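Protein chains in written order, with my numbering: chain U, 1 to 255; chain W, 256 to 460.
Keep in mind that a hint or two might mislead.
As the list claims (entries may be wrong) - Computed list of chain U residues with no C-beta within reach of chain W, every gap over 12 Å:
| id | residue |
| --- | --- |
| 1 | Lys24 |
| 2 | Asn86 |
| 3 | Ser166 |
| 4 | Asn185 |
| 5 | Lys241 |
As the list claims (entries may be wrong) - Below 20 Å or equal to it, Euclidean Cα-Cα: the simulated EDC-like pairs (lysine to aspartate or glutamate) are:
| id | chain 1 | residue 1 | chain 2 | residue 2 |
| --- | --- | --- | --- | --- |
| 6 | U | Lys183 | U | Glu207 |
| 7 | W | Lys280 | U | Glu37 |
| 8 | U | Lys92 | W | Asp318 |
| 9 | U | Lys71 | W | Glu282 |
| 10 | W | Lys388 | W | Asp318 |
To be clear, the hints were calculated from the coordinates, so they are not data collected in a lab.
Since this is a predicted model, take the numbers as computed values, not measurements.
Cβ atoms here follow ideal geometry from the backbone N, Cα and C, with glycine treated the same way.
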Amino acid sequence: MKKKRLAGVIIVKNNIVVQSFSFKKYLPLGKPEHFVENLDRWNIDEIIVLDIDSSKLNVGPNFELIKKIAKLKIRTPLIYGGGIRNSEDAKKVIQSGADRLVIGYSFLQDFNLPSKISNVIGAQAVILSLPLIKFQKEFFIYNYILKKNIQIKGEIVNYINSEYISELFITDVYNDGKFNGFKPNIIKDLKRLTKNFPLLVFGGISEVTQINKIANFSNVASVCFGNFLNYLELNYQKYLKNLPKNKFRVTQFYK
Amino acid sequence: MRNNKIVIVDYGVGNLASLINLLSKFEFEITISNKKNVLKNADCIILPGVGNFTEAIKNLKKDKIFLYLKNLILSGKPTIGICLGMQILFQSSEESLKEIGLGVLSGKIIKLKKKNIGWFKIFSKKRDQYFKKINNKLFYFNHSYGFKDVKNSCESYIKDLYPYLAIVKNKNVLGIQFHPEKSQYEGENFLKNILLDNNFIKKVH
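Isolated chain U, as found in the complex (with noise of 0.2 Å):
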């Protein structure tokens, strides 16, 4: 049986891990590199760091961050996003150690961006960035750059069934950072748009139960956290040993 992958979030503002709260409010909690080498010691199946600064400033990707992780020495696979806005900042970005990236701003300017990207790293690497949205029954893309809500209908919907896609990273906008906010009706109602295309799943995911509930949606691939394995190590722990072991991938801690 295919196992569910847990994964790690790690948002990055102004090159500090901050807690995020519906992508407005955020807190400051430390260092990236402390924070990653954390995931990395707990065996976690990978570890997604997010730079929101980048594509917001228009700086490109932060080229000197994934370096700094990656001389790190971890070995969990490392996905970055932020400020990729081209095949020339993927290919640079995977160059500076990640194995994957997310794109989010830079495919509402440009929806072939993907297909670019992926004759340079492959589609196994692309990940596309959805903050969603749901008002009675749409869906939205919410720009947090421009404060806009893009609708999920028409040509969008074929640009993210791509096969230059490997995987959707869906976030639930307003229960971004609530614990236990996040909706599982989300990845129900979904599926009418994007049918059994992977998801990665995040936004105010916190309790075994909830973990569970997303992960029986087969087109879940991986349930991602933030603030609450960020806070502290026994939860990740308790997640370990009370997830079904034919479902996830239970490690011991190593090191």
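Place chain W on chain U using the hints.
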């Protein structure tokens, strides 16, 4: 620890940092290069992963090492290909209509129905020293293309994705579809055991 000279071929694609980090833990002498004389003097050549088949072959040709590398591997140089690095060892790939592979392994890489991303158990047919240890262990895969004909050629296949190949070994050539450098303890151990194996790596000078 034996000081094997490992040369990671730099063909412009891939995350070399992870591989270097892992190998440096074992105290191997590691060089990143695409120079013929450096490749010639290596105890083992590693072709790393992540990228696109066409881009990889184009870069090898641009660096004028495509044919040299092919002949070097055919002459018996111990070679390890990881992920895309494994795929370019084959004759061709559905990922590329324009470029053919190095052709040191027989067969064609095909497009997977679903991209294979995550941690998968592998199963080894062979029971020799390093393959028996990895049976039913989970390794990190990340690929959209793969090799399917596992009946004759493979050492290990992906248990959850039979009949797709996980490891292929043919004399001096070892192809690994997963990422040992990103498979935590199991991956680290697997790669270390191979690189320290006298039967696989023979000193060339």
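Results for each hint:
The claim that Lys24(U) lies off the interface holds: its Cβ sits roughly 31 Å from the closest Cβ of chain W, which is beyond the 12 Å cut-off. Remark: the non-interface label on Asn86(U) is consistent with the geometry, its nearest Cβ contact in chain W lying 15 Å away (cut-off 12 Å). Ser166(U), annotated as away from the interface, has a beta carbon of chain W within 12 Å; the closest lies near 5 Å. Chain W leaves Asn185(U) outside its interface by the beta-carbon criterion, the shortest separation being 25 Å against a cut-off of 12 Å.
Lys241(U), annotated as away from the interface, keeps every beta carbon of chain W farther than 12 Å; the closest lies near 18 Å. Between Lys183(U) and Glu207(U), the direct Cα distance comes to roughly 12 Å. Compliance with the 20 Å bound is thereby established for this hinted pair. This hinted pair checks out: Lys280(W) and Glu37(U) have alpha carbons roughly 16 Å apart, not beyond 20 Å. The suggested pairing of Lys92(U) with Asp318(W) holds, with an alpha-carbon distance near 19 Å, which does not exceed 20 Å.
At roughly 16 Å between alpha-carbon atoms, Lys71(U) and Glu282(W) fall within 20 Å of each other, so this suggested pair holds. In summary, the hint linking Lys388(W) to Asp318(W) is not supported, as the alpha carbons are separated by about 38 Å, beyond the 20 Å threshold.
In summary, the numbered hints that this structure violates are 3, 10.
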